[in-house]
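Q: Could you build the full structure based on these sequences and the hints that come with them?
Chain by chain, the residues:
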Amino acid sequence: MYLIEVKNLTHIYSEGMPYQTSALTDVSFNVKPGEFVGIIGHTGSGKSTLIQHLNGLLKPKSGKIIIDNVDITSKDIKMRDIRRKIGLVFQYPEYQLFEETVHKDIAFGPLNLGLSQEEADMRVKEAISLVGLDYEEIALRSPFELSGGQKRRVAIAGVIAMKPQVLILDEPTAGLDPKAHSDILKMVEKIHKTEGNVIILVSHNMGDIAALADKVLVMDGGRLALCGSPEDVFSKEDLLKSLGLALPPAAEFISKLKGKGINISSKPLTVEEVENELYNILNNN
Amino acid sequence: MIRDITLGQYYPGSSIIHKLDPRTKIISTFIFIITLFLVKDFLGYLIATIALGTTIIISRVPLKFILKGLKPIFLIIIFTFTINMFMTKGTPLISLGFLTISKEGLYTAVFMGVRLVLLIIGSSLLTLTTKPINLTDGIEKLLRPLRKIGVPAHELAMMMTIALRFIPTLLEETDKIMKAQMARGADFESGNIIKRAKALIPLLVPLFISAFRIAQDLAMAMEARCYKGGDDRTRMNEMKLQGKDVAAFLLMIVFVAIILLQRIYF
Numbered sequence: 001m002y003l004i005e006v007k008n009l010t011h012i013y014s015e016g017m018p019y020q021t022s023a024l025t026d027v028s029f030n031v032k033p034g035e036f037v038g039i040i041g042h043t044g045s046g047k048s049t050l051i052q053h054l055n056g057l058l059k060p061k062s063g064k065i066i067i068d069n070v071d072i073t074s075k076d077i078k079m080r081d082i083r084r085k086i087g088l089v090f091q092y093p094e095y096q097l098f099e100e101t102v103h104k105d106i107a108f109g110p111l112n113l114g115l116s117q118e119e120a121d122m123r124v125k126e127a128i129s130l131v132g133l134d135y136e137e138i139a140l141r142s143p144f145e146l147s148g149g150q151k152r153r154v155a156i157a158g159v160i161a162m163k164p165q166v167l168i169l170d171e172p173t174a175g176l177d178p179k180a181h182s183d184i185l186k187m188v189e190k191i192h193k194t195e196g197n198v199i200i201l202v203s204h205n206m207g208d209i210a211a212l213a214d215k216v217l218v219m220d221g222g223r224l225a226l227c228g229s230p231e232d233v234f235s236k237e238d239l240l241k242s243l244g245l246a247l248p249p250a251a252e253f254i255s256k257l258k259g260k261g262i263n264i265s266s267k268p269l270t271v272e273e274v275e276n277e278l279y280n281i282l283n284n285n
Numbered sequence: 286m287i288r289d290i291t292l293g294q295y296y297p298g299s300s301i302i303h304k305l306d307p308r309t310k311i312i313s314t315f316i317f318i319i320t321l322f323l324v325k326d327f328l329g330y331l332i333a334t335i336a337l338g339t340t341i342i343i344s345r346v347p348l349k350f351i352l353k354g355l356k357p358i359f360l361i362i363i364f365t366f367t368i369n370m371f372m373t374k375g376t377p378l379i380s381l382g383f384l385t386i387s388k389e390g391l392y393t394a395v396f397m398g399v400r401l402v403l404l405i406i407g408s409s410l411l412t413l414t415t416k417p418i419n420l421t422d423g424i425e426k427l428l429r430p431l432r433k434i435g436v437p438a439h440e441l442a443m444m445m446t447i448a449l450r451f452i453p454t455l456l457e458e459t460d461k462i463m464k465a466q467m468a469r470g471a472d473f474e475s476g477n478i479i480k481r482a483k484a485l486i487p488l489l490v491p492l493f494i495s496a497f498r499i500a501q502d503l504a505m506a507m508e509a510r511c512y513k514g515g516d517d518r519t520r521m522n523e524m525k526l527q528g529k530d531v532a533a534f535l536l537m538i539v540f541v542a543i544i545l546l547q548r549i550y551f
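Residue numbers (my numbering), protein chains in the order written: chain A, 1 to 285; chain B, 286 to 551.
Hints were generated in silico from the structure; no laboratory data involved. We treat Cβ as the ideally placed atom computed from N, Cα and C, and that holds for glycine. Check each hint, because a few of them may be wrong.
[Said to hold, decoys possible] Here's a subset of chain A near chain B, in silico, CB distances under 8 Å, partners left out:
| id | residue |
| --- | --- |
| 1 | 97 |
| 2 | 108 |
| 3 | 253 |
A: What follows is the structure, given as structure tokens:
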């Protein structure tokens, strides 16, 4: 059974205007419950347009999106029900913060879902600890006096507190330093494990996608160019490079070793796997 | 949704109207608007409409696109139409209780309505066929003589350029924040007026912060490149009046002459 079914999705921006552009063409894929999906593609390939369709912010020109057996593209659907199921964290989510305190800001989403104040308070505490912040220390401070990394965590907590079945993150690590980058990814992994929800991660970092995703979607010019396991997708080096994408650093390294004439049969994608592989090769020699 | 606003928007094209010097277009638009107030009857409007229509056809901007830009002003047109219709005294045509529509009232209402529509289409043709940057360049050049009496022409033009330049950016920003808040369940569309105004807070606070951030970044970037307004600045593209501009001015003179003759003799 699939949790998300996307069928022949097509979207056109500014239809009928001289600058109309087709942003999505005939995109179809499925996501199983609990899957971790990575979406890659260079700038303007349609990634952001695609994820905005998944929670009903954009309506497709044609095609269907079925989430948990509900067709969210049909006219008589309540947006609130979609938003309850699908949480979307935009790029630079810290720019959406607006409340006086961190607590109020995170409670905004749950309260909009119609939860009681007590329930929302509970969710805020939960969400703050899930994103790795200290409730006592941070809850009553203004979100605007936090550091960049903390702001981003608070903004992500604002979506997590809605407890979505599907959490979509659009480049959650953009513009962060390496430490905050890996912290955010660890946090995403932790959320995935504790909540058991579907995570859809849009990223430019192939290494992150290779390490985390169960399934990888490759977008190019509004079309779904590739869809499969990280092993499948990252084995198509030439195709990825022709789409302006790269291999994960670890795979790139192995590919270069192979180019030097070293015989490697497996296809490691993460640094740890490469480490093991190198041990094997060195031991065998 | 928000990016579909066409008022004051540029419609890319390469027609002769697009290629005219911005100054020519600004002055011609002013002349056209002033001339509209010289018209005394519908025959005059017919001439103006034909002139405007021909210009639109030459500019190759689709009529559909222009009319779309009229939509936001539609309310104002309806408003003036109604006011004129009921408020002008004269021979009664229809009476609805205390409201009377007079023959003169109906005439004035239609007359004013047509004037308003022509006025708006005429001025929107200017912005549709002129890139905002060229438009402000033109304004700067036209204001230059006024510098002698202390009008800061360059600064004004720069402010306008920046304002125009950032309209799309701010619209995009609004769109983005709106979507982000909608993803968190914010509802901008239902409820009474107080509820709706309150619902705007999650939009306005981040928008203001963004606007200040953008302004700061821009100021920094300009200073980093040693921007200094004022006298000695040269420009990359000097504007020069060409043969087609002279032709356009001649046509405008002919147009004004026809309108004036029509006013006096017919």
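Q: Does residue 97 (chain A) pass the interface check with chain B, least Cβ-Cβ distance below 8 Å?
A: holds (7 Å)
Q: Holds or violated: is there a CB of chain B closer than 8 Å to the CB of residue 108 (chain A)?
A: holds (6 Å)
Q: Verify the interface restraint on residue 253 (chain A): the C-beta must sit less than 8 Å from at least one C-beta of chain B.
A: At about 37 Å, which exceeds the 8 Å cut-off, the nearest Cβ of chain B leaves the hint on residue 253 (chain A) violated.
Hint 3 from the list above is the single one not met by this structure.
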